[in-house]
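**Student:** Let the hints inform the model, and build the full structure from the sequences given.
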Amino acid sequence: MTDRLARLAQSWDEAAEGYETYFVPRFAPWVRAAVDELDDVPEGPVLVPCCGTFPELALLAPRWPGRRIAGIDLSAGMVRLARLRAAGNPLVEVVQGNAMTLDPAWSAAAVVSVFGLQQLPDPATAIRSWYDVLRPGGRLCVVYWPGTIEDTGPFALLDKVIDAGRDNSWEDDLIPALDGAVIERDVHLSFPMTHPGAAEYFDAANHAGPMRALALARGDDYIAELRAKYLAEAPDGEWTHHPRARLISVRKQLSRAAGAPPTS
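The sequence shown begins at 730 in the numbering used here and counts up one residue at a time.
Okay, the calculated beta carbon distance ranges per label pair: (1) Thr750 - Phe920: 15 to 25 Å; (2) Gly866 - Ala946: 35 to 45 Å; (3) Ala961 - Gly866: 51 to 61 Å; (4) Arg956 - Pro791: 33 to 43 Å; (5) Ile904 - Pro791: 30 to 40 Å; (6) Asn897 - Thr969: 18 to 28 Å.
Just so you know, these hints were derived from the structure itself, not from any lab.
Ideal placement from N, C-alpha and C gives every residue a C-beta, glycine not left out.
**Tutor:** Below you can see the structure in the form of structure tokens.
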């Protein structure tokens, strides 16, 4: 797992600048949907594990002025850009570290994470850790790319040409890992996303997205072969699709006062 985390960190170090430019604007509707889930939370900090370049901050800071907000990410490159986004706000902290397990001492009012969970070596352990740092009444909202994102489109074609035989059984462990939580929403959200063309998307995924780790592991010749296969099957011109992400929103139950009778 240590090697995998190191490669993951390196891949996002290299991808950070391009990710901010290409993917952050296209992922914005899902970020907004996740932040909109965080209403009616107790006092306390708001945490963003796997914060990347921290696009959530633009929505979180005005919603809760005066509240501490912290982003956590493994990648030094992502953390550098996140700190630039947070510059000038003394209540915002960006921590470089493994976001898979969070220190319960955070005692957070809310935790929100968008498109980080599916990259982690053990998503079920991560989502439980994120839930466990919540104060009673606190809320957790996670948005991630599930095993099947779309039936046709640039994401689906990339999965087809890679043909990695991914094991998506980890998804089945997420809700059981949240034992004791109040599940408030568990839905799939689809928004339109447009790419200038197949080549532009492939190159962005390679240099500024989740393929960077694969490129580091397999090398340039493999990626060049993959690109040729991808473009041979892709349509010409601008490409719009409607990928589906899964949103899970939960609340931590309020602690029953000592000595109080149970509610019926």
